[in-house]
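Asks: Make a model of the complete structure from these sequences and hints.
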Amino acid sequence: MSTSNVYLRVNGEGLPSFAALIDCLKTTGGDLTLDFASSQRIGADALSTLEALANQAGEKQVGVVLTGVSVDVYRVLKLVKLASRFSYGP
Amino acid sequence: MTEKGSGLSEERMAYLENLVSQARTAAAVFSQYTQSDVDRIVKPMVLAGLEQAYRLAQLAVEETRLGVLEDKTIKNMVATEFVYDYVRDRRTAGIIREYPDRGLLEVAEPIGVIFSVTPVTNPTSTVLFKCIMAIKTRNALIFGPHPRAWRCCREAMRTMYGAAVRHGAPEGVFTCLEEPTIDDNVYLMHHRDVRLIDATGGPGAVKAAYSSGKPALGVGPGNTPVYLEKTADVQMAVVDIITSKTFDNGTICASEQTVVMDDEIYDRALAEFAALGAHICTESEVKLLSQALIDPKTGYAQAVAIGQRAADIARIVGVRVKPETKLLIAPIRGVGRDHPLSVEKLFPVLAVYRAKSAEEALKVCVDVNHFGGLGHTAVVFSHNEQIIRKFGEMMNAGRIIVNSPGSIGALGGVYNDMVPTFSFGCGTGGGNSTTDNVNVYHYLNIKRVARRTPAHMWFRVPNQIYFNRNAVENLERFSSRSTVIVTNPSLEQIGHVEIVRRSVPSGTHIHVLSIPDAEPEMKVVRAGVEALKLYAADQIVALGGGSVIDAAKVIKLQYDYPDADLDELAAPFLDIRKRVAQFPGGKADALRLVAIPTTSGTGSEVTPFAMLTDKARGRKVTLADYSLTPDVAIVDPQFVMTMPKALTADTGIDALTHALEAGVSIFSSPYTDANAMQAIFLIFRYLPVAFEHPDNEEARAMMHNAACIAAMAFSNASVGVSHALAHSFGAHFGIPHGRANGLMLPHVIAYNASVPTKFMPSPNQRTYVAHKKYAIVADLLGLGGETIEQKVQKLLEAVERLLDRLAMPASIAALGISAEDFEQALPDLARNAFDDPSWRSNPRMPLMNELVELLRSAYTGRATGKSPQETVTNTVYVDK
Numbered sequence: 001m002s003t004s005n006v007y008l009r010v011n012g013e014g015l016p017s018f019a020a021l022i023d024c025l026k027t028t029g030g031d032l033t034l035d036f037a038s039s040q041r042i043g044a045d046a047l048s049t050l051e052a053l054a055n056q057a058g059e060k061q062v063g064v065v066l067t068g069v070s071v072d073v074y075r076v077l078k079l080v081k082l083a084s085r086f087s088y089g090p
Numbered sequence: 001m002t003e004k005g006s007g008l009s010e011e012r013m014a015y016l017e018n019l020v021s022q023a024r025t026a027a028a029v030f031s032q033y034t035q036s037d038v039d040r041i042v043k044p045m046v047l048a049g050l051e052q053a054y055r056l057a058q059l060a061v062e063e064t065r066l067g068v069l070e071d072k073t074i075k076n077m078v079a080t081e082f083v084y085d086y087v088r089d090r091r092t093a094g095i096i097r098e099y100p101d102r103g104l105l106e107v108a109e110p111i112g113v114i115f116s117v118t119p120v121t122n123p124t125s126t127v128l129f130k131c132i133m134a135i136k137t138r139n140a141l142i143f144g145p146h147p148r149a150w151r152c153c154r155e156a157m158r159t160m161y162g163a164a165v166r167h168g169a170p171e172g173v174f175t176c177l178e179e180p181t182i183d184d185n186v187y188l189m190h191h192r193d194v195r196l197i198d199a200t201g202g203p204g205a206v207k208a209a210y211s212s213g214k215p216a217l218g219v220g221p222g223n224t225p226v227y228l229e230k231t232a233d234v235q236m237a238v239v240d241i242i243t244s245k246t247f248d249n250g251t252i253c254a255s256e257q258t259v260v261m262d263d264e265i266y267d268r269a270l271a272e273f274a275a276l277g278a279h280i281c282t283e284s285e286v287k288l289l290s291q292a293l294i295d296p297k298t299g300y301a302q303a304v305a306i307g308q309r310a311a312d313i314a315r316i317v318g319v320r321v322k323p324e325t326k327l328l329i330a331p332i333r334g335v336g337r338d339h340p341l342s343v344e345k346l347f348p349v350l351a352v353y354r355a356k357s358a359e360e361a362l363k364v365c366v367d368v369n370h371f372g373g374l375g376h377t378a379v380v381f382s383h384n385e386q387i388i389r390k391f392g393e394m395m396n397a398g399r400i401i402v403n404s405p406g407s408i409g410a411l412g413g414v415y416n417d418m419v420p421t422f423s424f425g426c427g428t429g430g431g432n433s434t435t436d437n438v439n440v441y442h443y444l445n446i447k448r449v450a451r452r453t454p455a456h457m458w459f460r461v462p463n464q465i466y467f468n469r470n471a472v473e474n475l476e477r478f479s480s481r482s483t484v485i486v487t488n489p490s491l492e493q494i495g496h497v498e499i500v501r502r503s504v505p506s507g508t509h510i511h512v513l514s515i516p517d518a519e520p521e522m523k524v525v526r527a528g529v530e531a532l533k534l535y536a537a538d539q540i541v542a543l544g545g546g547s548v549i550d551a552a553k554v555i556k557l558q559y560d561y562p563d564a565d566l567d568e569l570a571a572p573f574l575d576i577r578k579r580v581a582q583f584p585g586g587k588a589d590a591l592r593l594v595a596i597p598t599t600s601g602t603g604s605e606v607t608p609f610a611m612l613t614d615k616a617r618g619r620k621v622t623l624a625d626y627s628l629t630p631d632v633a634i635v636d637p638q639f640v641m642t643m644p645k646a647l648t649a650d651t652g653i654d655a656l657t658h659a660l661e662a663g664v665s666i667f668s669s670p671y672t673d674a675n676a677m678q679a680i681f682l683i684f685r686y687l688p689v690a691f692e693h694p695d696n697e698e699a700r701a702m703m704h705n706a707a708c709i710a711a712m713a714f715s716n717a718s719v720g721v722s723h724a725l726a727h728s729f730g731a732h733f734g735i736p737h738g739r740a741n742g743l744m745l746p747h748v749i750a751y752n753a754s755v756p757t758k759f760m761p762s763p764n765q766r767t768y769v770a771h772k773k774y775a776i777v778a779d780l781l782g783l784g785g786e787t788i789e790q791k792v793q794k795l796l797e798a799v800e801r802l803l804d805r806l807a808m809p810a811s812i813a814a815l816g817i818s819a820e821d822f823e824q825a826l827p828d829l830a831r832n833a834f835d836d837p838s839w840r841s842n843p844r845m846p847l848m849n850e851l852v853e854l855l856r857s858a859y860t861g862r863a864t865g866k867s868p869q870e871t872v873t874n875t876v877y878v879d880k
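The listed protein sequences derive, respectively, from chains A and U. At position 90 of the first sequence (counting the first as 1) the number is 90 in the numbering used here, and the numbers step up by one without a gap. At position 847 of the second sequence (counting the first as 1) the number is 847 in the numbering used here, and the numbers step up by one without a gap.
It is worth saying that the hints were derived from the structure and are not from the lab. Errors might be hidden in some of the hints.
[Claimed, not checked] Listed next, the in silico PhoX-like pairs over lysine-lysine satisfying Cα-Cα at most 25 Å (straight line):
no., chain 1, residue 1, chain 2, residue 2
1, U, K620, U, K578
2, U, K230, U, K287
3, U, K447, A, K78
4, A, K81, U, K447
5, U, K322, U, K287
6, U, K214, A, K78
7, A, K81, U, K214
8, U, K523, U, K620
9, U, K356, U, K230
10, U, K297, U, K207
11, U, K587, U, K533
Model, not experiment: these values are computed from the prediction.
Replies: Below, the structure written as structure tokens:
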């Protein structure tokens, strides 16, 4: 199984669109891994992107794994009810 | 999503959902901000609000047609500058307060999304105020403005929002309903993502907020009574009242509604009002005002008058006044529906009442307060401190303003040191959750991080203990005019009293009070007190066993403090430091109590306990307080040389139980452990010798010391379950206390060494240690064993060997108590043991069924050969 690692720039501009990547992963059967190791905070844009990603991945039955999520960021995901829509890695 | 708000269109619901979604995301993002992040945002917001104060006031007046432009400008400035002055240096994010000495931290947790209803009367100022509070506390706000004020509110919100976002606030942190409806409010009030409703407005909005089932800050209408008392500065009062009541044409709900004046100043005050531009209405004018301004159906003021000028109101009503009239003053003769103008009037019409006395004035103020003003605001003008305090007690109002204008005074920060606000909590009287001036702390969940703090401990014993043979001679050290020796007849007969008498300094008047050799009764205490009075005693020497010394303790207490209520002092308690009943103390010329024990067991000579029997009421009274501890203990073995063998065994085992129970007590400490361990060592070594060779002076002396040392341990660490069971069982079947303890002790050791069903809360101990303590005792006694379990077992066996050697009964059955009698008594025995305070320091919290099992186990027989887990239904506690 192939795995793609994508680094999400939290609060950054021009956040990537995941649609094409998810289509690809659906074909290859891989998971999408987003590494948050360098993110101590998360902004509204990133949350919006994550929500869209969760929706797309759910539709296409592609797994999304978040790694390196700090407890601060995890708590925000809980507050906006996004936490349960992802898997988590170390 | 909610089922409420079903009158809304799909589009409107989508609009509202979008507002909530934005706010929720903003609140979540905002929760990551630090205090400095927040403070960087607040200041420019405040400056923006100040800059726009006039323009926003203009918008408010234009849209609402209420109030006064200049006053609304001032309100906007107060809502920004004054509120900022209050919040500027306050911590509202992260750790907001620390109490190192109490081990406490307070941490701010934002609420999340707050739905805020704002009023038509103070629209822009309320929005400015709440925006500052929300940013300072990292919350997101959705405003639900009054339908007649939404445009100006939206503009106020935009002013603050623009400044906030420019300086880093998350987008969506403020939103404002456009063209709001009641259905919108209902929908949002019930929305699952709205965490708090902050409703400042009319009774409808407040009631809806509280009915939503959400946490709510609902602050509503008032009806402010004013007492203008005869000692007041009338000129100042009149100016203040006019200033307040005409401020923004009376739209602040804290403004004065009915002024009750003392007869002596009534005419002068009205003249002052008139001189400063008020119109004093005639009776017929009052009637016109009442009919036109108050809705006869509801009893409330007509909305058309709210926030209008006095002259305009007069014109509408048909009362002729000068155009510059500031205020219409309407004399009324009572309060209630029959006196329409006694309600809240958010316009410049002021009711006045002439009172014949302070009593009447206060009653009328109470009437006004209860006629729609509960919990809100009340005002008093007086220089009589008693009147001010009485007014404060009588008025149910969150704000009681003294010698200042009601409306501006209630806002806080201008005329007084109250917290600046635009939202007045009215307490339960007003159906609100707080009486506070609502402020930033109401927009926070405040979390307490409480560190484990060890309870204060102590080691308290008499400050003088004399021991070894002839220690009694130390009595010479204590001068006394008159000494009463409390003792037993038998001790007189065998010459012990005479030995004591010889040791008292010459010249001392000595009197002997001989009391029965039994648990002291109240009548003995009374007789003792009378004897002390008769002989004007300044010293008691208690010579005897525990009963005599206990009696002397209570006699001294009642003599020193005749008003001491023994019933109250004997009230149960869980923690001696927090007990309800407080023993008297501190008497400079208190009697000296010297205790000389003649048994080696109870240790009463050093303990703070006393037990007596109240036969008249058929009960025992247990007193416990360090003030009962004798001043001097003399542990002289010459007084125990003639103790009978059975008494030697019973009292010796009592002492051993004291030491073992103190050793594992949750109140044990290194200080008590040192005493407990030494006592155990001495008892194991010398008790068999004293029992088998009563004339062995060394054994007698060491046992006498051991009992005293054990008592020092349990005086400070208390005892445990064995004592609770022994008290209950011993009292029921008339078994000597030490023997009853001997029957229980092995079973209780096994019980305490097992894994507890319930642990006793104990801040002083880091883990369960009873089994380890027993193992330490086994090591001290050189009993062998490798593991803790083996050592506990060795200790059990050693205790049982000792009991056997002392010819103690091996079971309750061996005492001749039938199984039938025992089973019949069992429920009461367990219940009484549970009620006994002794077990409250036991390491394992006994359950009722466990007490029953322990008693049954003791009935059957010793734990010899049984492992701890077999003794009571538990597994042995095994760890390293």
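Asks: Now, for every hint given, state plainly whether the structure supports it.
Replies: Here is what the structure says about each hint:
1. Pair hint U:K620 plus U:K578 holds up; C-alpha atoms about 23 Å apart against a cutoff of 25 Å.
2. Restraint check for U:K230 and U:K287: not satisfied, since their Cα atoms lie roughly 28 Å apart, outside the 25 Å limit.
3. Annotation: proposed proximity of U:K447 to A:K78 holds, straight-line Cα distance about 19 Å (limit 25 Å).
4. Of the supplied pair hints, the one linking A:K81 and U:K447 holds, its CA atoms being roughly 22 Å apart against a limit of 25 Å.
5. With a C-alpha separation of about 19 Å, the suggested pair U:K322 and U:K287 falls inside the 25 Å cut-off, and the hint holds.
6. Simply put, U:K214 and A:K78 have alpha-carbon atoms about 21 Å apart, close enough for the 25 Å limit, and the pair holds.
7. With a C-alpha separation of about 20 Å, the suggested pair A:K81 and U:K214 falls inside the 25 Å cut-off, and the hint holds.
8. A hinted pair counts as satisfied when its Cα atoms are at most 25 Å apart, and U:K523 with U:K620 qualifies at roughly 13 Å.
9. For a cut-off of 25 Å, the pair hint linking U:K356 to U:K230 stands: about 11 Å separates their Cα positions.
10. Distance check on the hinted pair: U:K297 and U:K207 sit about 20 Å apart at the alpha-carbon level, within 25 Å; holds.
11. Between U:K587 and U:K533 the CA atoms are separated by roughly 16 Å; this keeps the pair inside 25 Å, and the hint holds.
Going through the hint list in order, the structure does not satisfy hint 2, though it satisfies all others.
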